[in-house]
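K.L.:
Go ahead and model the full structure; you've got the sequences and the hints to work with.
The numbers in the numbering used here rise by one with no breaks, and the one at position 20 of the sequence shown is 21.
Read the hints as simulated data drawn from the structure, not as lab findings.
Careful, some of the hints might be misleading.
[Unchecked claim] Just the calculated beta-carbon pair ranges, DEER-fashion:
1. K43 <-> S16: 34 to 44 Å
2. Q51 <-> R152: 33 to 43 Å
3. N166 <-> R20: 29 to 39 Å
4. A55 <-> F151: 36 to 46 Å
5. A55 <-> A130: 30 to 40 Å
6. N116 <-> Q156: 20 to 30 Å
7. K89 <-> A55: 28 to 38 Å
8. S16 <-> V86: 21 to 31 Å
9. R152 <-> C52: 12 to 22 Å
10. C52 <-> Q156: 30 to 40 Å
11. N72 <-> Q51: 32 to 42 Å
12. S123 <-> A17: 19 to 29 Å
Beta carbons are placed, not taken as given, at the ideal position from N, Cα and C, and that holds for glycine.
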Amino acid sequence: MKRIYLVGFMGCGKSAVGRRLSFLLKLPFYDMDKEIVRQTGKTIPEIFEQCGEAYFRDLETEFLKSHGHDNCIISTGGGVPLREVNRKIMRETGLVLFLDAPFREIWRRIHKDANRPIVRNSTREEIEALFKSRYRHYKAAAHITIRTEFRTLRQITQYAAFQVNRLKGER
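P.N.:
Next up, the structure:
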């Protein structure tokens, strides 16, 4: 197993689980959004405003294609699995874990986050519609779906680590 990808809607816990999983499995962790910000020198809202969403999505695909590290954990942006090419790259180069959180929990976490351009410019109903439209793409990308409802961050991380360790011999 080369890489572990965490996918799911914004606010589902990808970064938090990724950091803890990194510690548990002793693997380096990369947050795709933070890496794109570091590489471009622009915040995600700045990229969206100056270059548009399509350009940002191209940066995400390029990250997947050119990321030089194997044996690592990558927390992907919420829109990454929308592109078939991204799903294909992730499924072929690693294990894809979908953190499946209910919308009401996601909304509680994200609704005041100024660093999320989509949230800043949308209503709750629009975000929920986006969540519903993306859900099938997360399922299509995933090797394993991890339901996060009624589980602590520690429980989710331990379950993810268990699945990774269980599959180590099969890849």
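K.L.:
Indicate, hint by hint, whether the structure satisfies it.
P.N.:
Cross-check of the supplied hints:
| no. | hint | verdict |
| --- | --- | --- |
| 1 | K43 <-> S16: 34 to 44 Å | 19 Å, violated |
| 2 | Q51 <-> R152: 33 to 43 Å | 39 Å, holds |
| 3 | N166 <-> R20: 29 to 39 Å | 18 Å, violated |
| 4 | A55 <-> F151: 36 to 46 Å | 37 Å, holds |
| 5 | A55 <-> A130: 30 to 40 Å | 20 Å, violated |
| 6 | N116 <-> Q156: 20 to 30 Å | 27 Å, holds |
| 7 | K89 <-> A55: 28 to 38 Å | 19 Å, violated |
| 8 | S16 <-> V86: 21 to 31 Å | 23 Å, holds |
| 9 | R152 <-> C52: 12 to 22 Å | 37 Å, violated |
| 10 | C52 <-> Q156: 30 to 40 Å | 39 Å, holds |
| 11 | N72 <-> Q51: 32 to 42 Å | 35 Å, holds |
| 12 | S123 <-> A17: 19 to 29 Å | 23 Å, holds |
The structure is inconsistent with the numbered hints 1, 3, 5, 7, 9, although it conforms to all the rest.
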